[in-house]
Amino acid sequence: MTEAPIFEAEGIEKSFGGIRAVNGATMDVKRGSITALIGPNGAGKTTFFNLITGFYRPDRGRARFDGREVQGRPPYVIARFGMVRTFQITKALAAMPVIDNMMLAAPDQPGESLRNVLFRPLAWRKREQEVHEQAIELLDVFNLTRLADHYAGTLSGGQRKLLELARALMAQPRFLLLDEPMAGINPTLGRRLLDHMQRLRAEDGVTFLFIEHDMEVVMNHSDRVIVMAEGRVIAEGEPQAVRSDRAVIDAYLGGAGHGGIE
Amino acid sequence: MTDPLAIFPLGLTFEAFTDIDFWTSVGIFAGIYTIFALGLQLNVGFTGIQNFGQAGFMAIGAYSMAILTAEEGMNFWLSLPISILITIAFGLIVGLPSLRLRADYFAIATIAFAEAIRLIALNARDLTNGAQGIFGFDDSWDSISESIEDFIIDLGWTDVPGLFPLFLVTWGIAVLMMFSLTRVQGTPWGRVLRAVREDEDAARALGKNAFSYKLQSLAIAASIGAVAGWLLAIQLAFVVPDEFQPIVTFIGYVVLVLGGLANYWGVAVGAIILWTVLEGLRFLELPISETKIAALRFIIVGLVLIGLMAFRPQGVFGKREEMVLGD
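For the protein sequence lines, the chains are W and V, in the order given.
Residues in the first sequence are numbered from 1 upward in steps of one, following the numbering used here.
Residues in the second sequence are numbered from 1001 upward in steps of one, following the numbering used here.
What the hints contain is simulated information worked out from the structure, not anything from laboratory work.
These figures come from a predicted structure and were not determined experimentally.
Where a beta carbon is used, it is the ideal one built from N, C-alpha and C, also for glycine.
Check each hint, because a few of them may be wrong.
[Said to hold, decoys possible] To give an idea of the interface, some chain W residues facing chain V are shown, with a C-beta separation under 7 Å as derived from the structure:
| hint | residue |
| --- | --- |
| 1 | 32 |
| 2 | 79 |
| 3 | 80 |
| 4 | 85 |
| 5 | 109 |
| 6 | 112 |
| 7 | 114 |
| 8 | 117 |
| 9 | 123 |
| 10 | 151 |
| 11 | 153 |
| 12 | 171 |
[Stated by the list, open to error] Calculated from the model, a selection of chain W residues having no Cβ within reach of chain V, i.e. all distances over 10 Å:
| hint | residue |
| --- | --- |
| 13 | 16 |
| 14 | 66 |
| 15 | 72 |
| 16 | 88 |
| 17 | 119 |
[Unchecked claim] Restricting the straight-line Cα-Cα distance to at most 20 Å, the calculated cross-link-like pairs of lysine to aspartate or glutamate (EDC-like) are:
| hint | chain 1 | residue 1 | chain 2 | residue 2 |
| --- | --- | --- | --- | --- |
| 18 | V | 1319 | W | 149 |
| 19 | V | 1319 | W | 100 |
| 20 | W | 30 | W | 238 |
| 21 | W | 30 | W | 223 |
| 22 | W | 126 | W | 137 |
| 23 | W | 30 | W | 8 |
Model the full assembly from the supplied sequences, consistent with the hints where possible.
The structure is reproduced here in structure tokens:
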């Protein structure tokens, strides 16, 4: 409990034209937690992800990952720190085979530098071997091994979602940000994915922050919940406590008006 | 001289069409366009950046070599690597501001760059001799060419075409480039390029500095363009601004489409098909004027392209899946 949070955001703001999409979002993510980020549509969850992973530049505010400032840094630098994200609309590298999608994500491949490719043509091959084994192992976990040589663009929506998660794991993240990982996946595969998250947390100490709309998943599989509405964090705490929070119920019922919190 | 084919002497007789000198010359152009389009293939087919300024890099390579040799008196062989470095520098100058632009704006920026280079070459007469062009940079090449010719004569082929050594060297370079580029494309470096082509944001989210890879790709394409520029200059024995019209880049794209995207060997196939069709059509004997026949040749090339798009849109060597899934 006394351990410093792995991630802290303070007063993050971003406006697009006249619309303030994120309006002073402040939150902590506990190291080793599986934290859900929920909120009605338009609450600014995805924008918040884009702001803290370098895809947008915040107008104001600070974000720290494991003691390092991340706001304003380019996405690839943040990813190399070990803070890796997935996208709500999957970004499978369609005209590349599944296995290449996976191997691409591995860090510390000296063969990605042109200098090494030209002057040390054998230096990267050993690493490539390791990466290939890792990729096959991970594909196994998500039942994608038989598709390894297929183009990623031929996969179904659910398979792409799994591929994107598996690919993010190849990057060996310490903090994984998932934007609606369950959307479009059948329940069996969804369960595998959740089990794997639990295992990664237990074995490798990976921290998760995931945006999710399915309240059953949130209540049963997260140990903390952060609620955003209208660009700010309106509540946070354990799932059961958040569920009965007055502000949260108001936000869901008053905001989107589509059924509220289950 | 917007028509790059107009460099062939007019009024060729029928005998000229069966002439090995004629086809050697065609072969050299096919080789030069192969090299030229290999740079485009790296950019367009493997990195997803629409470089429309390749003729500009070709011009910089040719002019740097010619100016350094003929006007500054530099050794020809030394001028080659230096002209490559100059071209790479221009690649970086163009790429640094414009590769941050969206794909279509980048295409416009590069076309503007190439035209700027051509117009500077036309007007900076002190440096480039304007429309008169630069001559007399190829003495060192000529002596090498003669040695190769003597060597071939010694082997027993006595009536070697004068341009045959250039043909050999051009295709030697082309094959070496295709081989090396294919090899490099198969490395993790090449994989990152393809990822950038597929989805730049996904590549960045996985820790890849997409901008740096695009810049590297452009710089390499520029240096390949410079090599095509030297060979063109040697083939013509002069360097003039008109050889670097935007149509040169467009013909490079025709080669790319014919051969197929994302395959380096396909580029050679595309270039050979294009030049054989274009030049072979000189055999056409029709009761119309020569200028009309010249125009007809391009119409026929257009029809070939339309037919290709209808029946094999991925080009001769391209992979259909990569084209369909690419978006």
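Hint numbers contradicted by this structure: 1, 9
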